[in-house]
Amino acid sequence: MRFGPLLALGLIAGSPAFTAEFLGSHVWTPGFDGAGGYSAIWLDDDGAQTLLLSDRGTWVRGTVTRDTTGKVTGFDISDRGPLLRSTGGALQAGETDAEAIAQVDGVFFVAYEGTHRVMRHPDIAAPPERFAQDGRFEALQGNSGLEALAADAQGRLYAIPERSGGSTTPFPVSRFDGGQWSQPFALRRDGRFLVSGADVGPDGRLYILERDFALLGFRSRVRSFDLTGGDERLELVTGIGVHDNLEGIEVWRDAAGRTRVTMISDDNQRPLIQRTEFVDYVLD
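Residue numbering for the sequence shown is -19 to -1, 1 to 265, as defined by mature numbering (1 follows the signal peptide of the UniProt record, and there is no 0).
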């Protein structure tokens, strides 16, 4: 989701409100024209090789460096470029808002809002292949559509919108099983939090990144569920202003066997008042 000028407010320092272990954060300053708006993150199994997507319709690929605690300390770019239409041309107005990414057998799937769709990318730098869509995507709100995409060990995709249509209406989950889309379950909506990202962790649970905005900044939350939408667990909550606008999440397991969460923030391309931030937590 893109925020308007009202969100051009400074953040205040704070501390996490939950017991997950905070490893640290790293503010990345890309240093090239058009950078920013990073709403999705993918990491390899070692948490090093990285792919970021911007909601301006671009991608950046590279390697993150980490210190001895495991937190990100830098990001070295290997290549970058625009996301393309299936015809090979540039994305048009209203088509660029890439919000989420998932990988199945080396193939990337990208979810967009605005023109709500999921595209199949055997190569992120090449034109995508046409892919089956859920007819229910068409009814999603314009700037609150597909915000999260995850893939499980069986290769099934889970797509979730930012908003559910009502403050007490559960978030619908669309699942693609390789043949067709269905909506097998929904996730409880709680308070002011809205969906901003998702991943299926190495434990087979669906992790949902949510965020809320108050006048003093953002607060974030991570919940997890089993793959029927049950067994809800609160994993992480931060106070207002602890982090920026966290929108992308990757859940992985490090060499020590710890369940790790790495997140990325969308600076809305306002680098003077917001920041692109890598954030690392341990959930175990």
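Certain hints may be false.
Beta-carbon label-pair distances, calculated as ranges [stated by the list, open to error]:
{"no.": "1", "residue 1": "Arg101", "residue 2": "Asp60", "range": "36 to 46 Å"}
{"no.": "2", "residue 1": "Gln250", "residue 2": "Ala106", "range": "42 to 52 Å"}
{"no.": "3", "residue 1": "Thr209", "residue 2": "Ala71", "range": "18 to 28 Å"}
{"no.": "4", "residue 1": "Ala134", "residue 2": "Ala74", "range": "30 to 40 Å"}
{"no.": "5", "residue 1": "Arg101", "residue 2": "Thr209", "range": "38 to 48 Å"}
Below, simulated EDC-like cross-link-like pairs (lysine to aspartate or glutamate); rule was C-alpha separation at most 20 Å, straight line [stated by the list, open to error]:
{"no.": "6", "residue 1": "Lys52", "residue 2": "Asp193"}
{"no.": "7", "residue 1": "Lys52", "residue 2": "Glu76"}
{"no.": "8", "residue 1": "Lys52", "residue 2": "Glu2"}
{"no.": "9", "residue 1": "Lys52", "residue 2": "Asp27"}
{"no.": "10", "residue 1": "Lys52", "residue 2": "Asp14"}
{"no.": "11", "residue 1": "Lys52", "residue 2": "Asp171"}
{"no.": "12", "residue 1": "Lys52", "residue 2": "Glu258"}
Hints were generated in silico from the structure; no laboratory data involved. Ideal Cβ placement from N, Cα and C applies to all residues, glycine included.
The hints, checked one at a time:
Between Arg101 and Asp60 the beta carbon distance is about 20 Å. The supplied range of 36 to 46 Å is therefore violated. The given range of 42 to 52 Å is broken by Gln250 and Ala106, whose C-beta atoms sit roughly 22 Å from each other. The hint said 18 to 28 Å for the Cβ distance between Thr209 and Ala71, and at roughly 40 Å that hint is violated. Look at Ala134 against Ala74: about 38 Å separates their beta carbons, and that is inside 30 to 40 Å.
For Arg101 and Thr209, the hinted distance range of 38 to 48 Å is not satisfied, since their beta carbons lie about 26 Å from each other. Under the criterion of a C-alpha separation no larger than 20 Å, the hint pairing Lys52 with Asp193 is inconsistent with the structure, at around 24 Å. Between Lys52 and Glu76 the CA atoms are separated by roughly 34 Å; this puts the pair beyond 20 Å, and the hint is violated. A C-alpha spacing of about 11 Å is found between Lys52 and Glu2, which places the hinted pair at or below 20 Å, so the restraint holds.
In summary, the hint linking Lys52 to Asp27 is supported, as the alpha carbons are separated by about 13 Å, within the 20 Å threshold. Under the criterion of a C-alpha separation no larger than 20 Å, the hint pairing Lys52 with Asp14 is inconsistent with the structure, at around 27 Å. Taken as a hint, the Lys52 and Asp171 pair is broken in the structure, with Cα atoms around 30 Å apart against an allowance of 20 Å. A hinted pair counts as satisfied when its Cα atoms are at most 20 Å apart, and Lys52 with Glu258 qualifies at roughly 12 Å.
Of the numbered hints given earlier, the model fails hints 1, 2, 3, 5, 6, 7, 10, 11; all others are met.
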